[in-house]
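> For the record, in the sequence shown the residue sitting at position 214 is 359 according to our numbering, with numbers rising by one throughout.
Derived by calculation from the structure, the hints in this document are not laboratory data.
Errors might be hidden in some of the hints.
Once the Cα atoms are required to be at most 20 angstroms apart in a straight line, the calculated SDA-like pairs of lysine to any residue come out as [what the hints assert, rightly or not]:
#1 Lys205 / Gln187
#2 Lys226 / Glu351
#3 Lys194 / Asp327
#4 Lys164 / Asn188
#5 Lys205 / Gly340
#6 Lys333 / Met275
#7 Lys219 / Leu234
#8 Lys222 / Glu278
#9 Lys205 / Glu190
#10 Lys219 / Ile195
#11 Lys224 / Pro235
#12 Lys205 / Gly277
#13 Lys222 / Pro254
#14 Lys194 / Pro206
#15 Lys333 / Thr256
#16 Lys224 / Thr256
#17 Lys205 / Tyr218
#18 Lys226 / Lys305
#19 Lys224 / Leu349
#20 Lys164 / Lys194
#21 Lys219 / Leu229
#22 Lys167 / Ile195
#23 Lys224 / Lys194
#24 Lys194 / Arg320
Note that this is a predicted model, so its numbers are computed, not measured.
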Amino acid sequence: TTHQELQTDGTEILSCTVKALKDGHVVAVPTDTIYGLACLAQNSEAVQKIYNLKERNGVKPLAICVGEIQEIYKYCKVKVKGELLDDLLPGPVTLVFERSEALNTNLNPFTSLVGVRIPDHAFMRRLCQMCGEPLALTSANISSQTSTVEVQEFQELWPKLAVVVDGGPIGDQSRLGSTVIDLSVLGKYRIIRPGCALASTLDLLERKFGLSEDPGEE
């Protein structure tokens, strides 16, 4: 593949990235937290490429990324008020729900749940909207290595990517990644990863929406 390093302004970059995704490739993209690797979630071969790139044993799940809140209802069984989604998204959170039948069964086949993101990032929102289908998203690093906030930090992956979109440095405060919350049980929430927006997220879940913490299986 030809590695292209691109700045995030301009429709040319968007269309180039969309084409790479539609052709079944993996691309690197900036988000509102850390750099990510993305491919079409419904394309099983592309999903396998991401697992291989990450040198994952296929057990750590990929999230999906969509452009609009209403798309979440297509791929997930949502058990919270729509207002809760409106308050948290777009934002630096990954919300975990039960997956619906519409989602590719080869994406995280080992779990009935799926994490969903709408990054508060104009390029990513536009990219998802232009693709018109969900992206599978994971951090741009090899598993167990540090998450990355600028493209130079995952240089070893560049040769394996069709496009590397350079959105500039994102900032160290977001290196923790998105806050991951399981909302698959009615009336409950469970913290899967504290991430960079925990306090504000919990405040909203508990005070505004009255959810209580489900300690889960420790």
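> Confirm or reject each hint.
Quick rundown of the hints versus the structure:
1. With a C-alpha separation of about 18 angstroms, the suggested pairing of Lys205 with Gln187 holds against the 20 angstroms cut-off.
2. With a CA separation close to 13 angstroms, the supplied pair Lys226 and Glu351 stays within the 20 angstroms bound.
3. The hinted pair formed by Lys194 and Asp327 fails the criterion: a straight-line CA distance of about 26 angstroms is larger than 20 angstroms.
4. A C-alpha spacing of about 14 angstroms is found between Lys164 and Asn188, which places the hinted pair at or below 20 angstroms, so the restraint holds.
5. Restraint check for Lys205 and Gly340: satisfied, since their Cα atoms lie roughly 16 angstroms apart, inside the 20 angstroms limit.
6. Between Lys333 and Met275 the CA atoms are separated by roughly 34 angstroms; this puts the pair beyond 20 angstroms, and the hint is violated.
7. Proposed proximity of Lys219 and Leu234 is supported: the alpha carbons are some 16 angstroms apart, at most 20 angstroms.
8. Our distance criterion of 20 angstroms between C-alpha atoms is met by Lys222 and Glu278, whose separation comes to about 17 angstroms.
9. Proposed proximity of Lys205 and Glu190 is supported: the alpha carbons are some 17 angstroms apart, at most 20 angstroms.
10. Of the pairs offered as hints, the one joining Lys219 and Ile195 is violated, with about 23 angstroms between alpha carbons and a cut-off of 20 angstroms exceeded.
11. Taking the CA atoms of Lys224 and Pro235, the gap is near 18 angstroms; set against the 20 angstroms cutoff, the hint holds.
12. Annotation: proposed proximity of Lys205 to Gly277 is violated, straight-line Cα distance about 25 angstroms (limit 20 angstroms).
13. Between the alpha carbons of Lys222 and Pro254 the distance comes to roughly 17 angstroms, so the proposed pair stays at or under 20 angstroms and holds.
14. Among the hinted pairs, Lys194 with Pro206 is consistent with the structure: their alpha-carbon atoms are about 14 angstroms apart, no more than 20 angstroms.
15. A threshold of 20 angstroms between alpha carbons decides the hint, and for Lys333 with Thr256 the separation of about 19 angstroms falls inside it, so the pair holds.
16. Under the criterion of a C-alpha separation no larger than 20 angstroms, the hint pairing Lys224 with Thr256 is consistent with the structure, at around 18 angstroms.
17. With a C-alpha separation of about 23 angstroms, the suggested pairing of Lys205 with Tyr218 is violated against the 20 angstroms cut-off.
18. Restraint check: the Cα-Cα separation between Lys226 and Lys305 comes to about 40 angstroms, which exceeds 20 angstroms; the hinted pair is violated.
19. Using a Cα cut-off of 20 angstroms, the hinted pair Lys224 and Leu349 holds, with the two alpha carbons roughly 16 angstroms apart.
20. Only pairs whose Cα atoms come within 20 angstroms are accepted, and Lys164 paired with Lys194 is accepted, the gap being roughly 17 angstroms.
21. As the CA atoms of Lys219 and Leu229 are separated by approximately 17 angstroms, the hinted pair is consistent with the 20 angstroms bound.
22. This hinted pair checks out: Lys167 and Ile195 have alpha carbons roughly 15 angstroms apart, not beyond 20 angstroms.
23. Distance restraint check for Lys224 and Lys194: the Cα-Cα separation of roughly 32 angstroms exceeds the 20 angstroms cut-off, and the hinted pair is therefore not satisfied.
24. The straight-line distance between the Cα atoms of Lys194 and Arg320 is roughly 24 angstroms, outside the 20 angstroms bound, and the hint therefore fails.
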